[in-house]
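A.B. asks: Sequence:
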Amino acid sequence: MEVYLVGGAVRDELLGLPVTERDWVVIGASPEDMVAKGYTPVGKDFPVFLHPESKEEYALARTEIKKGRGYKGFEINTSPDVSLEEDLLRRDLTINAMAKNDAGEIIDPYGGQQDLENKILRHVSDAFSEDPLRVLRVARFAAKLHSLDFKIKHETLLLMRQIVITRELLELTLERIWQETSKALLTDSPGEYFKVLKNCNALAQVFPYIYYQFSDSDSSQLGLASLNAIAKKYTDPNIRFAGFIGGLYFNETEDKYANVKKLANTFPLSNTCKKLLTLTVNAQHACHNSLELDENNLLRLLQKLDVKRNPDRFNTLLDICEAIYTSVHMGDSYKQKAWLQAAATEIQKVNVDTWIREKVSGEEFAKNIKQVQLALLHDLIDSSN
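Using the numbering used here, the final residue of the sequence shown is 385, and nothing's skipped along the way.
No lab work stands behind these hints: they were computed from the structure.
In silico lysine-lysine, DSS-like type, Cα no more than 27 Å apart, as pairs: (1) 337 - 256; (2) 151 - 198; (3) 308 - 275; (4) 198 - 232; (5) 232 - 274.
Quick list of simulated restraints, FRET-style, between CB atoms: (6) 199 - 382: 52 to 60 Å; (7) 32 - 107: 24 to 32 Å; (8) 215 - 15: 29 to 37 Å; (9) 379 - 215: 41 to 49 Å; (10) 55 - 361: 55 to 63 Å.
Cβ coordinates follow ideal geometry from the N, Cα and C atoms, glycine included.
Modelling step: build the complete structure from the supplied sequences, incorporating the hints.
C.D. replies: Structure (structure tokens):
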């Protein structure tokens, strides 16, 4: 039984990047051998085990034969006689097809180190085209390594386009697509992920409501600029995604906003993310124009943003609006942010103690609160002029 460190840990170590997780491959062992040594089986589709102490994943070496459509259409062989080279051959990119033994030696049968040096993302073999998930993975690695000037090999890009032609991308689950997308959104260059998907013709199949906007150069440039801007402040993929979509739909009319709701409901986003996404698109222009609003419209906007119950989301939304606005109006500051925060503070200054003591009815109670809030906002507007 031989154990090797494989995949991203080897790649990132050679690049001098932080190693966030380590995966291992085991040669010459059976599932029974692993259990006997105290490993816990966790793999659904093929034998993967958790180390009894480190809890890191150890997978039996395997080969794959394409038997059906989609990324699950494979027959898996994990017999103990599968070699390390055979296991590495099935991997997507050469830079992910390296291993490291206990002595620290790098096993690199397919030229991964040379491709790291040349900053190339290249497929290991023609079997690359058998798995549609690899289109998303290559796009994600292009985003991850874009700041290091990595480029996709032309031949690999052609294979990605061939996969798109087969329409096997449509076999991917929405959960798997969003998982890869979330990882891409965490990178230093998240916009590169969507640019690669557009370049290999995959965007229309994977994200049709993004593709429609990406077809317009002004919308795509603004979406990418907004994404880059919000990515400087937040690492949360949900917030970055909201900034991206808000920028894409900045120039659209309200009848197109329904597409954003469809997008939000298509993928397994959290309810918090869905609300932030739709709120960004629906409320951004009101936020941008908030300096010109009278007290009635300003109060309506603050109520729509639910500033009292969701102050954190409110402030996040303002950061997203700032990212979009400053991407449109280069060099301008976003005075609307401080203005809306001041207005939100004002409407929460209402003292309701007297009405509670006097047991004012619910309808009149709400009316009194609104009157005081409007007066406070009126005074705030007057003082700013």
